[in-house]
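Knowing the structure of chain A, use the given hints to seat chain B on it.
One letter stands for each residue in the lines below.
There are 2 protein chains.
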Amino acid sequence: MCGVCGCEQEQHDSRRVTVERSLLEHNRVHAESLAKQLAAHGIDAIGLLGGPGAGKTALLEATFESFGREAAASEAVIEGDCATDFDARRIAAKGVRVAQVATGSLCHLDAHLVEHALHDLDLAGVGRLWIENVGNLVCPAPFPCGENRRVVVISVAEGDDKPEKYPAMIAGADLLVISKADLLPYVDFDVARCIEGARKVRPGLPALVVSARSGAGLDSWLAWVRGEGG
Amino acid sequence: MCGVCGCEQEQHDSRRVTVERSLLEHNRVHAESLAKQLAAHGIDAIGLLGGPGAGKTALLEATFESFGREAAASEAVIEGDCATDFDARRIAAKGVRVAQVATGSLCHLDAHLVEHALHDLDLAGVGRLWIENVGNLVCPAPFPCGENRRVVVISVAEGDDKPEKYPAMIAGADLLVISKADLLPYVDFDVARCIEGARKVRPGLPALVVSARSGAGLDSWLAWVRGEGG
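Residue numbers (this note's numbering), protein chains in the order written: chain A, 1381 to 1610; chain B, 1381 to 1610.
Here chain A stands alone, though its shape is the one from the complex:
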């Protein structure tokens, strides 16, 4: 019983934590196995994470447009959303293979859902798999999904304080993409503060400022995607 308010929340929380730990451990093992399978097939799996409307799908659209025919041949996408297939349709319109995962009330993808989605994808000739998580800057953090690199996307409309407010997501990132840079003239967003905040959490984290709309920063982004640094 809680010493302050006399309710039984603490017992509930303790049960929740126990179940969560076992889920996280199960997922970690599953994700490692999945990552090995993807690597064995020569597939570079990139996790794309960020809050709702951070611009994850728009970044993929711009990426595939830049790649042109190369994209349709060698890219594949898993789209995680609570509901709708809006994002899968946007990706399919670029001619890229895509599988939609509707998570319902679940707030993140996990290795199990990704493995099932892979059954729906023809991976012949695929060299890169994008795993776009549910729009959520909290819950996907501790659930690897078989990706070997993680990109966290934060838009300039969200505010430069977000890396410090959502540190768990940044702690697991391999790249921070500051998106919707075309909006910079119209919002109070200090790029340096945002990057500094992210590096307080994860020292040395690479960061790129990108606009899928104007194309600014896309060259550096595409170089990073191709593993040429950035």
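Hint data in this document are derived by calculation from the structure and do not stem from the laboratory.
Treat the hints with caution; some may be incorrect.
Since the list gives no way to pick out one identical chain from another, each pair is judged satisfied if it fits inside one copy or across any two copies.
[Said to hold, decoys possible] Derived SDA-like pairs (lysine to any residue); straight-line CA-CA distance at most 25 angstroms:
1. K1474 to D1568
2. K1416 to H1499
3. K1474 to I1423
4. K1416 to G1383
5. K1416 to S1594
6. K1580 to L1486
7. K1474 to R1593
8. K1416 to S1402
9. K1474 to R1573
10. K1580 to Q1480
11. K1474 to A1596
12. K1474 to Y1566
13. K1580 to A1548
This is chain B only, laid out in the frame that chain A set:
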């Protein structure tokens, strides 16, 4: 064991669902009791929900600036964030009583956390309590926190498809605030589509288009807050 991939995810999920149900039920009872206590003290408790950077805190700042002295005397705020006290400082700078709840890895507030935060607030003379949840458009949905009205904030920078992509949050809303309207000229956001999407989920849901920055729409918002419709 899962029939497709042979893993034990389904047992884990089933345990998670069992624990979640008991947590939700415990929270529901706790939230109802809290709502009754607040009502008995004549306090109008408003839940403020939305994704990261939707503009929840900016809306509160603009609200308190409009209220002037009235705000400092009769408003109080509970700020939920995974980390930092940035938002509590912004509210305190307006002279309004505020308690910060750092949720850590927890992705939402619950009635228990709110009740504890209330112990840190002097509620003498307070007529309205704002409960600003963690920036998350998924997880806070099924966790009432003692509020008697719920506002869901979605910014025009996030995209007009968000109500349909995050239906659970909209299903529990009493008002949709479409925020950052000053950015409308610079983004592809169809206000009518956004409201229509929300009303597919919750027929008749009231909606307001607001800019905390320019002040557009604030009069209607303040009327709604005061219970004068909107």
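Going down the list of hints, with the structure as the test:
{"no.": "1", "hint": "K1474 to D1568", "verdict": "between (33 angstroms within a copy, 19 angstroms between copies)"}
{"no.": "2", "hint": "K1416 to H1499", "verdict": "within (16 angstroms within a copy, 50 angstroms between copies)"}
{"no.": "3", "hint": "K1474 to I1423", "verdict": "within (20 angstroms within a copy, 52 angstroms between copies)"}
{"no.": "4", "hint": "K1416 to G1383", "verdict": "between (47 angstroms within a copy, 21 angstroms between copies)"}
{"no.": "5", "hint": "K1416 to S1594", "verdict": "neither (37 angstroms within a copy, 52 angstroms between copies)"}
{"no.": "6", "hint": "K1580 to L1486", "verdict": "between (30 angstroms within a copy, 21 angstroms between copies)"}
{"no.": "7", "hint": "K1474 to R1593", "verdict": "within (16 angstroms within a copy, 36 angstroms between copies)"}
{"no.": "8", "hint": "K1416 to S1402", "verdict": "within (22 angstroms within a copy, 37 angstroms between copies)"}
{"no.": "9", "hint": "K1474 to R1573", "verdict": "between (35 angstroms within a copy, 23 angstroms between copies)"}
{"no.": "10", "hint": "K1580 to Q1480", "verdict": "between (35 angstroms within a copy, 21 angstroms between copies)"}
{"no.": "11", "hint": "K1474 to A1596", "verdict": "within (20 angstroms within a copy, 37 angstroms between copies)"}
{"no.": "12", "hint": "K1474 to Y1566", "verdict": "between (30 angstroms within a copy, 24 angstroms between copies)"}
{"no.": "13", "hint": "K1580 to A1548", "verdict": "within (12 angstroms within a copy, 34 angstroms between copies)"}
Checked against the numbered hints given earlier, this structure breaks only hint 5.
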